[in-house]
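So the sequence shown is numbered by the numbering used here: it starts at 1 and just counts up by one.
Treat the hints as calculated values from the structure; they're not laboratory data. Heads up, a few of these hints could be off.
[Unchecked claim] The list that follows gives simulated cross-link-like pairs (lysine-lysine, DSSO-like), each with its CA atoms no further than 30 Å apart:
(1) K141 to K420
(2) K230 to K365
(3) K242 to K420
The model shown is predicted, which means the values in this text are computed figures rather than measured ones.
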Amino acid sequence: MNITKQRNKTKILILLVVLIGILIRGCYMLEAKVYQLQYDLGIEQETVNDLTYDDIMEIDRKHIKENGNLEYLVRIYQTGRLLESNSNQGYHPPLHHYITAGVMRICDLFGADNEFKLEMAEFPAFIYSILILIVIYKITKELEFTDRGSLIVMMLASFNPLLIYLSRLINNDPLVTLCTLASIWILIKWYKLPSMKLTVFLALVIGAGASTKISIIVMALPLLVTYLMKMSENIDDMDFVKKLIKYGLVFSIISLPLVFWYPIRNAIKFGQPPFGVVEALPSLAVEHIDFVNRWLINNEFFAQYLAFNASNVWAYVINSSLLFSANTYFLSDLILNSMRILTVALVIISLISMIKFLTKNTIYKMLATTYVAWVVSFIAFNLSLPFSCTMHSRYIGILFILSMIYIGKLFESTNRKKIKWLIGILSSLYSIGCIAIFATIFSIL
Numbered sequence: 001m002n003i004t005k006q007r008n009k010t011k012i013l014i015l016l017v018v019l020i021g022i023l024i025r026g027c028y029m030l031e032a033k034v035y036q037l038q039y040d041l042g043i044e045q046e047t048v049n050d051l052t053y054d055d056i057m058e059i060d061r062k063h064i065k066e067n068g069n070l071e072y073l074v075r076i077y078q079t080g081r082l083l084e085s086n087s088n089q090g091y092h093p094p095l096h097h098y099i100t101a102g103v104m105r106i107c108d109l110f111g112a113d114n115e116f117k118l119e120m121a122e123f124p125a126f127i128y129s130i131l132i133l134i135v136i137y138k139i140t141k142e143l144e145f146t147d148r149g150s151l152i153v154m155m156l157a158s159f160n161p162l163l164i165y166l167s168r169l170i171n172n173d174p175l176v177t178l179c180t181l182a183s184i185w186i187l188i189k190w191y192k193l194p195s196m197k198l199t200v201f202l203a204l205v206i207g208a209g210a211s212t213k214i215s216i217i218v219m220a221l222p223l224l225v226t227y228l229m230k231m232s233e234n235i236d237d238m239d240f241v242k243k244l245i246k247y248g249l250v251f252s253i254i255s256l257p258l259v260f261w262y263p264i265r266n267a268i269k270f271g272q273p274p275f276g277v278v279e280a281l282p283s284l285a286v287e288h289i290d291f292v293n294r295w296l297i298n299n300e301f302f303a304q305y306l307a308f309n310a311s312n313v314w315a316y317v318i319n320s321s322l323l324f325s326a327n328t329y330f331l332s333d334l335i336l337n338s339m340r341i342l343t344v345a346l347v348i349i350s351l352i353s354m355i356k357f358l359t360k361n362t363i364y365k366m367l368a369t370t371y372v373a374w375v376v377s378f379i380a381f382n383l384s385l386p387f388s389c390t391m392h393s394r395y396i397g398i399l400f401i402l403s404m405i406y407i408g409k410l411f412e413s414t415n416r417k418k419i420k421w422l423i424g425i426l427s428s429l430y431s432i433g434c435i436a437i438f439a440t441i442f443s444i445l
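Make a model of the complete structure from these sequences and hints.
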């Protein structure tokens, strides 16, 4: 009876933590204007104080740059058609922008003005952020975490600053993060018990992600590894192997057109290279930075704000997950440096956990493969495009989520009370620090 009561208390605590996380996300969405703390909007910053919602809807070139996320969204809302150029954000697939434009169209049915419609452009990301929390919890249950293990994961996820920042973006990062995470969840379920239903679901999720942002193709490696492992484990059962081959064909037939339609369209229409991306401003270039300062360590780790011309990859990843927006100073050194140290400590714990459980079973091999694939992809991305903006943590939100899952796994599996206490205290302090960050943000918006 006492065990049952304890489990019920833990489940209630999980629900409470998630609800507080959703409340913070909701307040953040309602408090910040649609043109604040965003990325690649296409706003002329020197005229932002004169910007009106009517200016945005009219694509006033005094304020709005060509094909930023604002124009991408407004053009689709106004015409229902794709952009006629692949400049700026036009190289990105349009699914998220169509969803958001659809929300704005629904607002029209109720006679909403331009301000309300544009502020509602943040609403899809808010919904994605809730779904991300739900999927994270589902993954912990698929991995058979105890309720206490799930609590640690959900506390870190609910109060992770990066995931909260993503909860009101009007660009495609929130949706592709959701699709990537959902593909991991479905892949775990598929490995346990392959079925046509899960195969189709997985293909649609990958296709939706690729129709949002092509970076989800990184998941091709863990998908392939899991598929081949499942086949090798059942190679003596030819009926099962034939079934797996059929699943593979169905997955390819559904997902490949969804993955390649937009790159092919842009290649034909604009001569855009396959999976090509737009280059950043020359002022953000960092290829001249030496190896030590770019890839090892420099004094940027303790910078007071996220500089446009920052150069160290790992310092930028940590700092952007806490500060998010470049050249915005709003945190005290005590809060900021404490959160940096806590973030590094938790990352180290997650890496230890990943190594510890690497050989536990195929699912954990798949999770490790996913982690490594995203790290390698991120490094390759920064080698091919050496700009400060390509180092941002929003490109690898999935790595933060996987780290949370590994931390929860170590917490719930260890019998050493000191480790449990250490993880519990660090996770609690991290959550408190996040609340302090957003309390500060709310005071300046």
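Numbers of the earlier hints that this structure fails to satisfy, in rising order: Hint 3 is the one this structure does not satisfy, whereas the remaining hints hold.
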